[in-house]
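Engineer: Now for the letters of each chain:
There are 2 protein chains.
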Amino acid sequence: MLPVALDAMGGDKAPAEIVAGARQAADGGVPVVLVGPPELVGDTLGLELVPCTEVIAMAEDPAAAVRRKKDSSLVRAAELVRDGRASAMVSAGNTGATMASALLRMGRLPGVVRPCIATPMPRPGRAPAVLVDSGANVECTGAMLVQFAQMASVYVQERYRVREPTVALLSVGEEATKGTPLVKEVHGLLAAGVPGVRFVGNVEGRDLLDCRADVVVTDGFTGNVALKTAEGALRFAMGLVLGVLAHDDQTRSAGDVLLPHLLGAAAEVDPERTGGAMLLGVDGVCVISHGSSSAVAIANALRVAHDLAKSGLATRVADLVARGAS
Amino acid sequence: MLPVALDAMGGDKAPAEIVAGARQAADGGVPVVLVGPPELVGDTLGLELVPCTEVIAMAEDPAAAVRRKKDSSLVRAAELVRDGRASAMVSAGNTGATMASALLRMGRLPGVVRPCIATPMPRPGRAPAVLVDSGANVECTGAMLVQFAQMASVYVQERYRVREPTVALLSVGEEATKGTPLVKEVHGLLAAGVPGVRFVGNVEGRDLLDCRADVVVTDGFTGNVALKTAEGALRFAMGLVLGVLAHDDQTRSAGDVLLPHLLGAAAEVDPERTGGAMLLGVDGVCVISHGSSSAVAIANALRVAHDLAKSGLATRVADLVARGAS
Chain A
1 MLPVALDAMG GDKAPAEIVA GARQAADGGV PVVLVGPPEL VGDTLGLELV
51 PCTEVIAMAE DPAAAVRRKK DSSLVRAAEL VRDGRASAMV SAGNTGATMA
101 SALLRMGRLP GVVRPCIATP MPRPGRAPAV LVDSGANVEC TGAMLVQFAQ
151 MASVYVQERY RVREPTVALL SVGEEATKGT PLVKEVHGLL AAGVPGVRFV
201 GNVEGRDLLD CRADVVVTDG FTGNVALKTA EGALRFAMGL VLGVLAHDDQ
251 TRSAGDVLLP HLLGAAAEVD PERTGGAMLL GVDGVCVISH GSSSAVAIAN
301 ALRVAHDLAK SGLATRVADL VARGAS
Chain B
327 MLPVALDAMG GDKAPAEIVA GARQAADGGV PVVLVGPPEL VGDTLGLELV
377 PCTEVIAMAE DPAAAVRRKK DSSLVRAAEL VRDGRASAMV SAGNTGATMA
427 SALLRMGRLP GVVRPCIATP MPRPGRAPAV LVDSGANVEC TGAMLVQFAQ
477 MASVYVQERY RVREPTVALL SVGEEATKGT PLVKEVHGLL AAGVPGVRFV
527 GNVEGRDLLD CRADVVVTDG FTGNVALKTA EGALRFAMGL VLGVLAHDDQ
577 TRSAGDVLLP HLLGAAAEVD PERTGGAMLL GVDGVCVISH GSSSAVAIAN
627 ALRVAHDLAK SGLATRVADL VARGAS
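As given, the protein sequences belong to chains A and B, one line each in that order.
Residue numbers for the first sequence follow our numbering, so the first one is 1 and each next one is one higher.
Residue numbers for the second sequence follow our numbering, so the first one is 327 and each next one is one higher.
Bear in mind the hints are in silico, worked out from the structure with no lab data behind them.
C-beta atoms are modelled at their ideal positions from N, C-alpha and C, and glycine is treated no differently.
There's no promise every hint is true.
Okay, derived cross-link-like pairs now, SDA-like style, lysine to any residue, Cα gap no bigger than 25 Å in a straight line [stated by the list, open to error]:
#1 Lys13(A) <-> Lys178(A)
#2 Lys178(A) <-> Asp338(B)
#3 Lys510(B) <-> Lys13(A)
Computed, partial: chain A to chain B, Cβ under 8 Å [claimed, not checked]:
#4 Glu139
#5 Thr141
#6 Gly142
#7 Val172
#8 Glu231
#9 Gly232
#10 Ala237
#11 His247
#12 His261
#13 Leu320
Estimated spans, in silico, between C-beta atoms of each pair [what the hints assert, rightly or not]:
#14 Gly433(B) <-> Glu174(A): 27 to 35 Å
#15 Gly42(A) <-> Pro507(B): 43 to 51 Å
#16 Arg434(B) <-> Asp256(A): 52 to 60 Å
Turn these sequences into a full structure, and let the hints steer you where they fit.
Structural biologist: See the structure below:
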């Protein structure tokens, strides 16, 4: 089996935590190849390194950076997949540049209008739901959202082993008549029947966490706002709780008892655990890890990427999309 | 001073909690008149009741209900304001029908393209920020969003005594180049200078709680999704914490110490405390309370409505909007 190409320079904790995660994954049987400038990566912990000369920073303009830095770790990682030298790519770096590298070097799957990002949303005690598009396309057509529903359904089957994933549409009410013209159009298209999509109606923002549907479809603007709002609200709640624990000696003692349990509950809904977001619709597997990824998160992402490449995710996505929307 | 008209039949806990809230407000010096069918309202606790024969239910289609039920408590409450018999209206009932009643009976302020809903977002230790539009208009133009910014700025000044409120635009990144065409257009308009609006740039979903800006502007679809996502995420976090407290005898004991503090922190971010959302741009004051409003929340909403009517909110909104967008 081909190795997974890992952008050794991507992420807030690169390269040390990234390389450490690669080592963990390799020890667990996942073949990995690092990509990065040797003098910056430093100790590869015995792993293979494909050398390059450039790095795309977190804050750089994605399109311009990918155009200019042709010998960057991100662009080279995507090329390894394109050239059949890697099975998949993983990066915790600049999300836009990861997307652009994968799109430009690996290319779109035949029939796919636009790739999209699928991000896991926690459901305690069971597999996460996924939100598509969580930020790749700020402007969408109905046809694009229908394809997002198809691609995410295949993804959830392969990734979480949900046999017949349910799909909901994000709106401002459960009724088919609620929402923007785009939402109403997509509701009509999905309700009329789309191959591979088991549509269960609209959900609202309040349903996104612990969601009853396995897939929630929306445009990339709304999806990105909703995802970041949920992240911000969970962080806000955590801040309130920590404030309470620090109130006085009594609450601090109670906190000593509760903190391990609270951290356990928080870990279950932590993006670190989920293996990262997935770029769907490109000709290959591309995992976009959280910028704050630790070694554990990277090892997880590498394992997910490896498994999905092995299962032929891209081929299955292309097959379903080819069956069209009716 | 004219009384505030209160829809006695609006809200999950109507009429008992609603009437109790009215009594509390009246005892605190806020003149109140109830509106509802006498046989359904029952004991008015000594308050004046304007009788009517119909009630609009929570789940009814707003436009159709307001058209058909001309003698409903909601429509009659709006008419009391229109006819100069009440200073303001308050309802915890069907949000869409409250909006439609106010719009159709009280009318739009001169120059206002579309009214919008401003909803408070918690900031512990200080006045809430407000999110406009949080659901009145799923489709918006740039001119509408600019007016929302103006109207919400006046509202925040009057309601929370913020002298020069700051205004941010909700987007998917802080850069002016990020977002939908609508967002980019509005960014340009606000950055060029709008009377009464102190624009401080874009914010993202993760910034909505404990927001640095006093006003966050967005279209009613995105605003509604964001608001409900934040509500859902806070409820989700609360569920996780309560789950931890119930884990075993040790955590239950710790919970006994912490629970009063946790409930105190939760109360600070509770919609009950905020006095409800405000419909801006109609010719009068209209407070839309949460459907789950208790007597305390209703008393609060009545006080806010009374104060805003007294301060001449509608006149100030109309004056600012008349100064245009440049």
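Engineer: Each of the hints needs a verdict: does it hold here or not?
Structural biologist: Cross-check of the supplied hints:
no. : hint                                : result
1   : Lys13(A) <-> Lys178(A)              : 43 Å, violated
2   : Lys178(A) <-> Asp338(B)             : 22 Å, holds
3   : Lys510(B) <-> Lys13(A)              : 33 Å, violated
4   : Glu139                              : 6 Å, holds
5   : Thr141                              : 13 Å, violated
6   : Gly142                              : 15 Å, violated
7   : Val172                              : 4 Å, holds
8   : Glu231                              : 5 Å, holds
9   : Gly232                              : 3 Å, holds
10  : Ala237                              : 3 Å, holds
11  : His247                              : 6 Å, holds
12  : His261                              : 4 Å, holds
13  : Leu320                              : 27 Å, violated
14  : Gly433(B) <-> Glu174(A): 27 to 35 Å : 31 Å, holds
15  : Gly42(A) <-> Pro507(B): 43 to 51 Å  : 45 Å, holds
16  : Arg434(B) <-> Asp256(A): 52 to 60 Å : 58 Å, holds
Consistency note: the structure conflicts with the earlier hints numbered 1, 3, 5, 6 and 13.
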